[in-house]
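Asks: Protein chains in written order, with the working numbering: chain A, 1 to 371; chain B, 1001 to 1371; chain C, 2001 to 2371; chain D, 3001 to 3371.
Possibly wrong hints are sitting among the right ones.
Said to hold, decoys possible - Here are the simulated SDA-like pairs of lysine to any residue, each with C-alpha atoms no more than 20 Å apart in a straight line:
#1 C:LYS2271 with A:SER294
#2 B:LYS1271 with A:PRO219
#3 A:LYS271 with B:TYR1166
#4 C:LYS2003 with B:GLY1058
#5 D:LYS3271 with C:THR2217
#6 D:LYS3003 with A:GLY55
#7 B:LYS1271 with D:SER3294
#8 C:LYS2271 with D:THR3217
#9 D:LYS3003 with A:ASP51
#10 C:LYS2271 with D:THR3212
#11 C:LYS2271 with C:GLY2292
#12 D:LYS3003 with D:GLN3331
#13 D:LYS3271 with B:SER1294
#14 C:LYS2003 with B:GLN1056
#15 C:LYS2271 with A:ARG293
#16 D:LYS3271 with C:ASP2171
#17 C:LYS2003 with B:ARG1052
#18 D:LYS3271 with C:THR2212
#19 D:LYS3271 with C:PRO2170
#20 A:LYS271 with C:SER2294
#21 A:LYS3 with D:ARG3052
#22 A:LYS271 with B:ALA1172
#23 D:LYS3271 with B:GLY1292
#24 D:LYS3271 with C:PRO2219
#25 D:LYS3003 with A:ASP48
#26 C:LYS2271 with D:ASP3171
#27 A:LYS3 with D:ARG3061
#28 A:LYS271 with C:GLN2290
#29 D:LYS3271 with C:HIS2215
Source of the hints: derived by calculation from the structure; they are not laboratory data. A quick note: this is a predicted structure, and the numbers were derived from the prediction, not measured.
The primary structure of each chain is shown beneath.
4 protein chains.
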Amino acid sequence: MSKTDIGIGLVGSGFMGRCHANAFRSVSGLFDLPGTPALRVLADATQDIADRAAGQLGFDRATGDWSDLVSDPAVDIVAITAPNVLHAPIAHAAIKAGKTVYCEKPLSTTAAIALEMTQAAEAAGVVTMVGFNFQRNPMIRLARDIIESGEIGEVTGFRGRHAENYMADPDAPHSFRTDPAGGGALADIGSHIISMARYLLGPIAEVQGDCTTIHPTRPIRPGSSDRAPVDVDDMTHALLRFDRGVSGSIEANWAATGRTMDLSWEITGTKGALSFSQENMNELLLHSGQPGRSGYTRIEAGPAHPPYGNFCPAPGHHLGFNDLKVIEVAQLLSAHMGGENPGPDFREAYEVQRTVEAVQTSHAERSWVTL
Amino acid sequence: MSKTDIGIGLVGSGFMGRCHANAFRSVSGLFDLPGTPALRVLADATQDIADRAAGQLGFDRATGDWSDLVSDPAVDIVAITAPNVLHAPIAHAAIKAGKTVYCEKPLSTTAAIALEMTQAAEAAGVVTMVGFNFQRNPMIRLARDIIESGEIGEVTGFRGRHAENYMADPDAPHSFRTDPAGGGALADIGSHIISMARYLLGPIAEVQGDCTTIHPTRPIRPGSSDRAPVDVDDMTHALLRFDRGVSGSIEANWAATGRTMDLSWEITGTKGALSFSQENMNELLLHSGQPGRSGYTRIEAGPAHPPYGNFCPAPGHHLGFNDLKVIEVAQLLSAHMGGENPGPDFREAYEVQRTVEAVQTSHAERSWVTL
Amino acid sequence: MSKTDIGIGLVGSGFMGRCHANAFRSVSGLFDLPGTPALRVLADATQDIADRAAGQLGFDRATGDWSDLVSDPAVDIVAITAPNVLHAPIAHAAIKAGKTVYCEKPLSTTAAIALEMTQAAEAAGVVTMVGFNFQRNPMIRLARDIIESGEIGEVTGFRGRHAENYMADPDAPHSFRTDPAGGGALADIGSHIISMARYLLGPIAEVQGDCTTIHPTRPIRPGSSDRAPVDVDDMTHALLRFDRGVSGSIEANWAATGRTMDLSWEITGTKGALSFSQENMNELLLHSGQPGRSGYTRIEAGPAHPPYGNFCPAPGHHLGFNDLKVIEVAQLLSAHMGGENPGPDFREAYEVQRTVEAVQTSHAERSWVTL
Amino acid sequence: MSKTDIGIGLVGSGFMGRCHANAFRSVSGLFDLPGTPALRVLADATQDIADRAAGQLGFDRATGDWSDLVSDPAVDIVAITAPNVLHAPIAHAAIKAGKTVYCEKPLSTTAAIALEMTQAAEAAGVVTMVGFNFQRNPMIRLARDIIESGEIGEVTGFRGRHAENYMADPDAPHSFRTDPAGGGALADIGSHIISMARYLLGPIAEVQGDCTTIHPTRPIRPGSSDRAPVDVDDMTHALLRFDRGVSGSIEANWAATGRTMDLSWEITGTKGALSFSQENMNELLLHSGQPGRSGYTRIEAGPAHPPYGNFCPAPGHHLGFNDLKVIEVAQLLSAHMGGENPGPDFREAYEVQRTVEAVQTSHAERSWVTL
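So here's chain A without its partners, still in its complex pose (with noise of 0.2 Å):
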């Protein structure tokens, strides 16, 4: 094989570190790129389970170190699923030793914290990508051609949601998740319903909205019958007003009884309409007005949609959750080799981030905030 080894780095090794893992493993025998993904160092908190999970993930080698990771020489892309108060300076180590970062979502803590870790980014002119996989699908990017090619029309309304149950059990423990640094619905969930918002419809003037705690106290951990108070949202609505003059609505909730993975949303135009659910993330409903035959089209998943061809050449086979992260891996060793970055980069994901906050502000001041 002639083809250049790109060497990964891996920081973290639970459930996105794995999916990492596995997508990275996976690509090459999917897509074809100029360059294929070598599984170099996987570091996490302890030699220990950083070695037990370079067995099973298939690296090189590990570490207990995440410095060590970065400034091999043998890493390119140094991956990022590390706790999220640990993106900043592993990110920042990764930049300044000139590596491609590819970091999970939230790219940080704070809006402002994300800010610096774009310029740095920026200035050192390196490839940056968040995983907000969501947007991955071959859907999304069928939703947003008919969008940009005017086959809806003017758009009109916005409507949106990312609504899961996991933390619906008032006894769901305290967690990274519930840390008033970067945690709550809005910032955990809703952080993608924006993030599609912005991919679909562009940046967002102004928001106002309404955060809930819906169980006002939590066990401190699992299983303990010691409760703390909760400072973070369980649920929030905001209303949103896009750059482009269009209107809308979102819903980021948690606790949303029901729901496992309501990534959901409904784009009206003068000519036509778009809605999607994340619960049937094989297809895109698209309405157009044909008189007598009006109604939504339910367009599954085919070759048509690429990259879905790259998993399978026929229509109506599916593609899965962990596939669009092999789209994610695909789109990064593209940029990585100095193809097009289709994004999110840092600086999206600082826009998303700056947006949450926002709307926490509108919270809290119980007004509209200007971005």
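Using the hints, position chains B, C and D against chain A.
Replies: Quick look at chains B, C and D alone, frame taken from chain A:
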């Protein structure tokens, strides 16, 4: 037949007038009521129009003067489907004459006038009812029963919408719907989702809304090339806080391409959830959480959900929109004969209208409004 | 009113009798017909039963003797909702008296008797109609229009079903439904899917079926602990070949736990496809194949689909089961007054019954049967 | 890493070959297996093709001669995705060499040859598996668990289908799919619904089918204007009787315009029902009958349904088609290492093929065929 005849006087013979007449004609074959409606007098703008409609709809006599109808001793119930601006004078006259008053929504053009109507009716002790027919649906009653029984635990969130497409076309002309006195999407159809939210979850304490005029001008009349500015909303998104401590949001949108009757909502509780859309009016989605079997159950309307059984002894046979009006009329007749009045009565309709105006005020003042 | 009164005589006041009566009461407010139905005589098994029903349903007089009804000169149309075994004698008497005859399905207990009824009606030249009301649905008419226009190309396949659950319980007792003369799932509800298949695709040439008795005994009457053998099918699957050269299959099943009204079918063509289920009776799924936009379109019923507009001027407002009977009665009255008879008339109902018996024969003989 | 390497030899690098390779690459990051697959040898029709594929898919070496692959001592498992006609010789050679054999469906071009393969494998005692990957879906395993637990009572009926549209176009050309040896819609995709029916309900005792060639000629090769007759079915409908006494029907249709992956079935029981379609592969519909709450519950795939949790710790994140192949490969590797073999093994695949041929025979003889 030993049953009492109940004299019906109907003002207006448009879409809703016809719908009333047909409901009065059908109801006694379907419901076992203590009295039988007799179609006595139909009034419309002119004698000619009234004559024609009375013939088709089966009324005993017709008049071009609604006050003649109101004062006719053969009329026991005055049903008002006239233009909104006439609701108040007709209702006041009927109340004065001691008649039961059945009025289409909105109760009046402003909340202030609606309050006067309410106070007059309460002072006179007459029975009143307002035509929010969507909440007559057996599945909506089932939803309220489920909520009140605690079956979904404590309610934690609400998300509602009434979206249709009948004003999506920028060339849809001005009409009473675009008259700032009582017009706009929020007043016209947003009132339905507000009414239903109150029916299911009780009073609303605070609102903050964003009203958008999508099409700034419209033809002054059908087919005209002269256009005049539009002073009402085509779409409104609003944040809500209920008295019971639950937060949520609503959207009202009459320019929602792709939607013909998306009067829909989701109510989340600590133990379950409910979801409904009028686009599938014969089903209610209920989520409950047996491990490994968790998911929304699509409950189909049937005889277990009164008064479905009055229409059909077998489940799955579907009620239609006009059947909801028959249920409404059965409830009206029962209340008229001394039975319970499930409402919405004038007071409830006033509360809905007051909420609509609070959202409009919150938009104008860019701040939360307390009700 | 200058319109002719059309005298209605109704035999039977059960579920279907009530449904007829209500349809006759509603129709003139909804359809602009040249005549107005007048509820003249109601007959039932005894004078008492008939009196009570006539009072509730609004008939002028009642009788315990159907021949008295048939011979009444005030009766122009004889509507038969009596037990199946009485269809033939009542119909023959009505035909002899020159009346229009409107009969519930099945036309009779055997195809042979149904043929005699057909021949008598044709010889007398009277108008006949049989109550296959599901095909009155505007969406079914739309489906036929789409097929006949060639919009889905040449038809290549059919798959149909009528599944309900009303006999799923092994303790559901014997009744007229389990009488071998005209009983069983195939005759009772399979006749609906056969009728609809013929309406959409024309005559059936050959059949091969498999009839299954799921519950071999049932209580002899409601609540009885005495059980008697069942001699009819609970479920039948059959292969079909249509005259036009298309193949397919149907299922009739009245023990289909989970189904309340799955009268459904899919028709495949070379250029598109159609899919329908009575469980979503206000929609028709149409597939057409724009590249990259391919998928089923959910067409919602609306004024573009006659006669929906007679019930409501706005789309998305849903017709119900009882509205289908109103459409049927409007077509009956129009045919009675000399208008076109869209059927199904007695001959068509005989053809359906003959097809049912052919399937039963094919099962008994374990071979294909040619019609 | 102390885990054993398991040498993989893959014959064929088309759609399915790629799919196998990717599954072998992914599996050890997702499943905790006692051994790790090592991609040793890839064989294809020529050395050139094999070289190119081996490079892209990450195999150690390539060969244009499959017998070279089979005899390589580094190969422990022979995976066969070559043309159907080669399945038998490759499998026999691999069996002779004592290798585990993993073969794509159909096992062979005739049931007779499939039986020889089965007998050879059983005599040699080698592990075999056949790629009916759709039944690896956790929701299908859940369905079988529900059936076997008695949760839906006694099974009373079955209705299944596998419909796709890939041969709907009359200009779709001849290929191995239209070769009478193993071709046609029933053999190609009907085998999936037969296999799944057997997985869920056990052996089939009797069949009676109707096979239809919709397009009598097709181009002899892609784009050619020369056409040759088609000797296989485009669509087959068949009646089934299972050994357990349940009746039902299936359809196989590769000309089903509008369907891309309608591998679907409904199973009815005395106490409940199950419904599934591969078009919504991450959900299973379960009907159970609480009074007034009766309806289908849409169970969403999640960690409660093994092995979903191997792919993602959170529910609602969706598995995709390629993930089913990973599950299959995990089961294969486990069986190879001495674990339980859940099948389908060669014998089961032979039974499926025998059933396909029985349906074809029943069509030719126009009679029921007993298996």
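Asks: Looking back at the numbered hints, which does the structure fail to meet, lowest number first?
Replies: none
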